[in-house]
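Starting from the known structure of chain D, arrange chain H on it as the hints suggest.
Protein chains: 2
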Amino acid sequence: MIETPYLLFLGDAPDGLAAKVAQGIKDWRPQYALGQYRMDGCKADLKIEDMDLAAAKAAGAKTLVIGVANRGGVISQEWKKVLIAALEEGFDLASGLHNLLRDEPDLAAVAKSCGRELHDVRVPSVQYPIANGKKRSGKRCLAVGTDCSVGKMYTALAMDKVMKERGLKSSFRATGQTGILITGDGVPLDAVVADFMAGSIEYLTPDNDDDHWDMIEGQGSLFHVSYSGVTMALVHGGQPDALVLCHEPTRTHMRGLPDYDLPTLETLRDTALPLAKVANPACQVVGVSINTAGMGEDEALSYLEKVEKQMGLPTADPFRQGAERLADALDAI
Amino acid sequence: MIETPYLLFLGDAPDGLAAKVAQGIKDWRPQYALGQYRMDGCKADLKIEDMDLAAAKAAGAKTLVIGVANRGGVISQEWKKVLIAALEEGFDLASGLHNLLRDEPDLAAVAKSCGRELHDVRVPSVQYPIANGKKRSGKRCLAVGTDCSVGKMYTALAMDKVMKERGLKSSFRATGQTGILITGDGVPLDAVVADFMAGSIEYLTPDNDDDHWDMIEGQGSLFHVSYSGVTMALVHGGQPDALVLCHEPTRTHMRGLPDYDLPTLETLRDTALPLAKVANPACQVVGVSINTAGMGEDEALSYLEKVEKQMGLPTADPFRQGAERLADALDAI
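Chains D and H, in that order, give the protein sequences.
Residue 1 is where the first sequence starts when you use the UniProt record's numbering, and the numbers rise one by one after that.
Residue 1 is where the second sequence starts when you use the UniProt record's numbering, and the numbers rise one by one after that.
Treat the hints as calculated values from the structure; they're not laboratory data.
Hints are supplied without guarantee of correctness; some may be wrong.
Which copy? The list can't say, so a pair holds if one copy fits it or any two copies do.
Stated by the list, open to error - Lysine to any residue pairs mimicking SDA-like chemistry, simulated, CA-CA at most 20 Å apart:
#1 LYS277 with LEU257
#2 LYS20 with GLN31
#3 LYS277 with ASP261
#4 LYS135 with PRO206
#5 LYS306 with ALA54
#6 LYS306 with GLU104
#7 LYS62 with SER76
#8 LYS306 with GLU266
#9 LYS277 with ASP259
#10 LYS169 with GLY90
#11 LYS81 with HIS212
#12 LYS134 with TYR203
Chain D with its partners taken away, still in its complex shape:
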């Protein structure tokens, strides 16, 4: 559990895209994004207050979150100056970088002497149980995709936002590093040992109020041969009541696998639903989320209409249109 609110470290980001983790936090949890810390030459800007460490501390920030990718796979000395000063100032550090903060001797030593935490969200900090498959109270929605990186996290976050705006009980449950930094908690599923994958998702989505929804962030795809085992653990460990099918229509092959075609939405439905029913016989496919970023407005709207007819399910692009209709679909369950 990462303490909030955050000071978002953008470092010397060469452009806005490099700071997409920080952007995600600002977009989805603006209440956590107290301020941004930019070094000389930083080209990213979240349009929130620039703060130095002392100002952020005075404003109540607890954790400096590295919201930017590092160049060349190293944590530079320029960054370290700031990170060490932050530890000395009383901040915890949180990072989703491949290089772990804890593996840097200087950061580890200063954190220890200052009594601060280093959160490396790419590695599990919990000894997860083996899944027991027992029926849990509360409701769960899982986004499953025709491919990796088609908008599953965005869909779950957008549906969670609508539910909360309506005063309904909802929790976004993060299963990847960006999601974990956004919410301050979650399971880095791709780094969990095989035997404990499904158990980690049971742990993440425990018994809850009958009218509470967990919006579980999906990972991979049942049709992506590199990561399908991870997706399978979500389908069974998540015990979903509702599935949302996610798709990106301009993709010409599976991500990183040039010889693999994407499945159709019908094939995804007919594969994922029977598997989900093993863990939850009441599971239903409730809607379709399309990432139409690669289309113009007219093309996108007509594509969405076509899919809605074809699948007989509420279909929306939550980025273009919001997730209201997808959230509506949960009411029926």
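The following block gives chain H in isolation, referenced to the frame of chain D:
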């Protein structure tokens, strides 16, 4: 890679069942089972030569394999006396115990000073790649089960044995600790980090001669919610040309999951085959392997006949009848 042949350590096994790893090595790789080492009070007996360390060394044994479960989850001082003497005598040690040999300071220190290896086969010793899904040469057969522990390893080993007896090219590919100790090599799949599961199976079953078969040991079941992700990684990483369906007909519920029914063989076929075709569109279901240990001879034979008719596939219990007919079924591919 564990050096063979072995001296099999049975310790103070309270009965034959406790030494089932050693029994498996003796049954499937008798040429590796040079002798057995039994302590006072040992109740297991593999009916091979009893040897002390010096005799085994003189006979050419390279590795002392712990072929017995330990009691109470600790490696006792009595065992350690033998293990340390073995290291000093020039043996490597190999173990599938949950307690790792390397975590015992005395064993680790002696192994280091003697220049010997400690093989803890429960933990991966390789940094596996992420799966790339590329088509590999050679052929692969995967055993998939309606449940865990229904005879998948036995089926793959028995088919491999028949293939070798026929002079055909075949390799049993181990994915669990017992299989790894039997063959001296393999992937401890349940201990691999999620992102690398499918890649570890690609690594285990690389390009090979066009007429070579990998007989891949299955793990878990697509219908077992605790481990289905592991099975999925085998289905996609293994890229099988042939699936053998494995079933234990007296099971009343999924192993360890009292609320879960077993799927039918038809459901297993109709679930596993389309998923396997994602990675290998030519994949076929070639046969059914039934573990009839819980049935009398007449009941077993009539059950096998019934399943053969029902599924329209060669059906056999490889323990009761041998795996000839299952191996025959691979000829058709």
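Quick rundown of the hints versus the structure:
1. LYS277 with LEU257: For LYS277 and LEU257, only the inter-copy Cα distance (15 Å) is at most 20 Å; the intra-copy one is 29 Å.
2. LYS20 with GLN31: Only inside one copy: LYS20 and GLN31 sit 17 Å apart there, 58 Å across copies, limit 20 Å.
3. LYS277 with ASP261: Classified as between: cross-chain Cα gap 12 Å, same-chain 26 Å, threshold 20 Å.
4. LYS135 with PRO206: For LYS135 and PRO206, the Cα distance is within 20 Å only inside one copy (10 Å; across copies 40 Å).
5. LYS306 with ALA54: neither (54 Å within a copy, 78 Å between copies)
6. LYS306 with GLU104: For LYS306 and GLU104, the Cα distance exceeds 20 Å both inside one copy (52 Å) and across copies (64 Å).
7. LYS62 with SER76: Cα proximity of LYS62 and SER76: none, with 23 Å in one copy and 48 Å across.
8. LYS306 with GLU266: within (14 Å within a copy, 35 Å between copies)
9. LYS277 with ASP259: Cα proximity of LYS277 and ASP259: across copies only (13 Å, versus 30 Å in one copy).
10. LYS169 with GLY90: The answer is neither: 34 Å in one copy and 64 Å across copies each exceed 20 Å.
11. LYS81 with HIS212: Neither, since 44 Å and 57 Å both go past 20 Å.
12. LYS134 with TYR203: within (12 Å within a copy, 35 Å between copies)
Checked against the numbered hints above, the structure breaks hints 5, 6, 7, 10 and 11 and satisfies the rest.
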